[in-house]
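**Q** Sequence:
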Amino acid sequence: MQKTATTRPVPYFRGPGEVAFGIQPVLTEGHTAEGAMRLGEWALYGDGSGVHQGATGVLIDDTTAYAALTARSADQWGVSTEISVDFHAPIPVDAGRLICTATADHSSAGWGHSTGEVRADTGELIATVGQRMRFFPGDDSPHRQDPQPADAPSWLTSLDSHLELAEQSGTRSEFLLRVDPGMRNPMGMLHGGISLGFSELAARKAWEQSENFPGEPFRTASLRMSYLRPGVLDGDLRIVVDIIHSSRSVVLAEVCIRNADGSAATFGLATLHRVATM
Numbered sequence: 001m002q003k004t005a006t007t008r009p010v011p012y013f014r015g016p017g018e019v020a021f022g023i024q025p026v027l028t029e030g031h032t033a034e035g036a037m038r039l040g041e042w043a044l045y046g047d048g049s050g051v052h053q054g055a056t057g058v059l060i061d062d063t064t065a066y067a068a069l070t071a072r073s074a075d076q077w078g079v080s081t082e083i084s085v086d087f088h089a090p091i092p093v094d095a096g097r098l099i100c101t102a103t104a105d106h107s108s109a110g111w112g113h114s115t116g117e118v119r120a121d122t123g124e125l126i127a128t129v130g131q132r133m134r135f136f137p138g139d140d141s142p143h144r145q146d147p148q149p150a151d152a153p154s155w156l157t158s159l160d161s162h163l164e165l166a167e168q169s170g171t172r173s174e175f176l177l178r179v180d181p182g183m184r185n186p187m188g189m190l191h192g193g194i195s196l197g198f199s200e201l202a203a204r205k206a207w208e209q210s211e212n213f214p215g216e217p218f219r220t221a222s223l224r225m226s227y228l229r230p231g232v233l234d235g236d237l238r239i240v241v242d243i244i245h246s247s248r249s250v251v252l253a254e255v256c257i258r259n260a261d262g263s264a265a266t267f268g269l270a271t272l273h274r275v276a277t278m
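The numbering of the sequence shown is the UniProt record's numbering, which starts it at 1 and goes up by one.
Keep in mind the hints are simulated off the structure, nothing from the lab.
Honestly, I wouldn't trust all of these hints.
[Claimed, not checked] Taking lysine to aspartate or glutamate and the EDC-like style, the derived pairs with C-alpha atoms no more than 20 Å apart in a straight line are: (1) 205 / 86; (2) 205 / 234; (3) 205 / 242.
[What the hints assert, rightly or not] Ranges between beta-carbon positions, derived for each pair: (4) 208 / 187: 31 to 37 Å; (5) 153 / 249: 40 to 46 Å; (6) 188 / 157: 21 to 27 Å.
Heads up, the beta-carbon is just placed ideally off N, CA and C, and yes, glycines get one too.
Work out the full structure: start from the sequences and follow the hints.
**A** If you want it as structure tokens, here you go:
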């Protein structure tokens, strides 16, 4: 790893997003972080036939962020700027746990980066992941706040119930993301892992609603997220999806989460593959 010699500890913080998404404590050793999550009915498709790949969003965000933060300098904290996910296998419906490991592989005075993977508890590789983080002076660490107890009630009963199709025309779909206060990160804004998760859901649902959808199942193969500004939780957010390419086997979708004032909070590019070709 370039330009990283000192390891900084990153104490675990459990917020309402971690409680809702079944996240177990993320632990760091050296420049490596490991986290795990327990799945529940909240993560399933409406018909129970599969697990939303976006359910891994908080696990991926937390673990890759903790790994990158181990490489920060003294008196620094960080914010996510980019997260990338490549999915390699569907999440088993009967999976007990998913495990994510990530290691910081680059740092500079102002930036850090980590890469890792998500596996089922059987050892099957589910995804490879990465995060780029911007470091800034000062300590905005969330660990000065009171964490949520492990047995705190969850605000999440179903991912599907928070995403409502508001408008669909041609290759564009617009969804309302029904906001809950529990979606906040320690800074009071939309949790990056939650925005990743709902971006994945919206991309796939938009394709299924598209006039060009062939009726065959597709699955998200990759997602590249850029974090542009805070997602403000003072009202429902909009997720706008544009299908920019579609063929019999590959779909590209641009996904933008917009604040109530119309400003873009996140931008994502999702690639979907026809399941029969995967």
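**Q** Compare the structure with each hint and give your call.
**A** We went through each hint and held it up to the structure:
no. : hint                  : verdict
1   : 205 / 86              : holds (19 Å)
2   : 205 / 234             : violated (25 Å)
3   : 205 / 242             : holds (12 Å)
4   : 208 / 187: 31 to 37 Å : holds (34 Å)
5   : 153 / 249: 40 to 46 Å : holds (43 Å)
6   : 188 / 157: 21 to 27 Å : holds (23 Å)
Of the numbered hints stated above, the single one contradicted by the structure is hint 2.
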